[in-house]
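Colleague: Below are the chains, spelled out letter by letter.
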Amino acid sequence: MSHDGWSNFLAAMAGSSPILPVQPEPGKARVNAYQQRAAADINNNDLELVQACLQGNDNAFAKLVEIHQPMVGRRMWRFTRNRTDWEELVHDVFVQAYFSLATFRGRGSLAGWLSSIATRVGYHYWKEQARKRARKHIPLDELPECALRQPETINADEAAEILVRLLDTLPPRDRLVITLLYVEGHSIAEAAKLAGWSRVMVRVQAHRARSRLRRQLARLDNPRQP
Amino acid sequence: MNNLQSTSHSNSEVDIIRNLTLRAEAETIPRVQVTARVMQTIAAHTQNMEMEPPLLAFAAGLSAASIAAGVLLVYSWETLNNPLVEIFVSLQGVMP
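Keeping their order, the protein sequence lines are chains W and U. Per the numbering used here, residue 1 is the first one in the first sequence, and the count goes up by one each step. Per the numbering used here, residue 1 is the first one in the second sequence, and the count goes up by one each step.
It is possible that part of the hints are untrue.
Taking lysine to any residue and the SDA-like style, the derived pairs with C-alpha atoms no more than 20 Å apart in a straight line are [said to hold, decoys possible]: (1) Lys-63(W) <-> Gln-33(U); (2) Lys-63(W) <-> Ala-44(U); (3) Lys-132(W) <-> Pro-172(W); (4) Lys-63(W) <-> Glu-25(U); (5) Lys-63(W) <-> Ser-109(W); (6) Lys-63(W) <-> Thr-46(U); (7) Lys-132(W) <-> Arg-165(W).
A partial selection of chain U residues facing chain W, derived with a Cβ cut-off under 8 Å [as the list claims (entries may be wrong)]: (8) Val-32; (9) Leu-62; (10) Ile-67.
These are computed hints drawn from the structure, not numbers from a lab. Note that CB positions come from ideal geometry on N, CA and C, so glycine has one too.
Isolated chain W, as found in the complex:
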């Protein structure tokens, strides 16, 4: 297996990026087979634990939490940088998952199912935060423009911080669709499933979110523009 293939697979398992569809190249068909078998093994293990949990074995759920909390933690880190709120969100995702475990049909992966719950928990959090804030959005001119245009001049942690602050200027709905489509790289169908929206709504919302972001960036370039 090539280094790239294993890197992609391990990164996907660690939750740092979604599993990308790999076009089989000549001689590399075995890479896909290994990946698929490993993913199937993980899925089977999850299914066994889910079944054990539904039969009353709470230790099985504790194991599921241990397995998936890095992925959920990484996901919820996109929704807040406040450590206390972040841990609370991760906790809420798993508690909700426990009490709705009977609805998991096993058709997709448990990680995908948890991602849907995480998205809804995070979105609810953004809406709550927007309600609490005195002003709706943080003005874009408070962000460093050179970092926005040339992220290679800053390190990864700074880039992540600026990305969160940039997205924080958007209303919750816009922020969610931008995050799902352009930060996490989901397709329209996947984003619709995660957010619990229709595909049409995702498209419309994406268009509005991009327009809003474009207007804000234009104001950054031209501060006199209303």
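On the provided structure of chain W, position chain U as indicated by the hints.
Modeller: For chain U alone, coordinates are given in the frame of chain W:
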């Protein structure tokens, strides 16, 4: 990455998001450990749910008994005040 792409207007805002995202991929994310707290919360919820049925049954029984008692009370009150009752009582000694 299978994203929504639009060629009808500028993608600079999308490029900014994507470039920042790419740069941020290597960020250090703290470790989270919520297993114990999650299991505590679940145990607490489960315990509350287990206590509910006996309480509900008690409340249901109490309200049923109250309704029955109320109906009897109303009936008794009406018979006490109903003049026809006196006639029937007086006829009890006459009728076979």
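Colleague: Next step is simple, just say for each hint if it's right about the structure.
Modeller: Against the structure, the hints:
no.: 1; hint: Lys-63(W) <-> Gln-33(U); result: holds (12 Å)
no.: 2; hint: Lys-63(W) <-> Ala-44(U); result: holds (19 Å)
no.: 3; hint: Lys-132(W) <-> Pro-172(W); result: holds (13 Å)
no.: 4; hint: Lys-63(W) <-> Glu-25(U); result: violated (27 Å)
no.: 5; hint: Lys-63(W) <-> Ser-109(W); result: holds (16 Å)
no.: 6; hint: Lys-63(W) <-> Thr-46(U); result: holds (19 Å)
no.: 7; hint: Lys-132(W) <-> Arg-165(W); result: holds (17 Å)
no.: 8; hint: Val-32; result: holds (4 Å)
no.: 9; hint: Leu-62; result: violated (30 Å)
no.: 10; hint: Ile-67; result: violated (34 Å)
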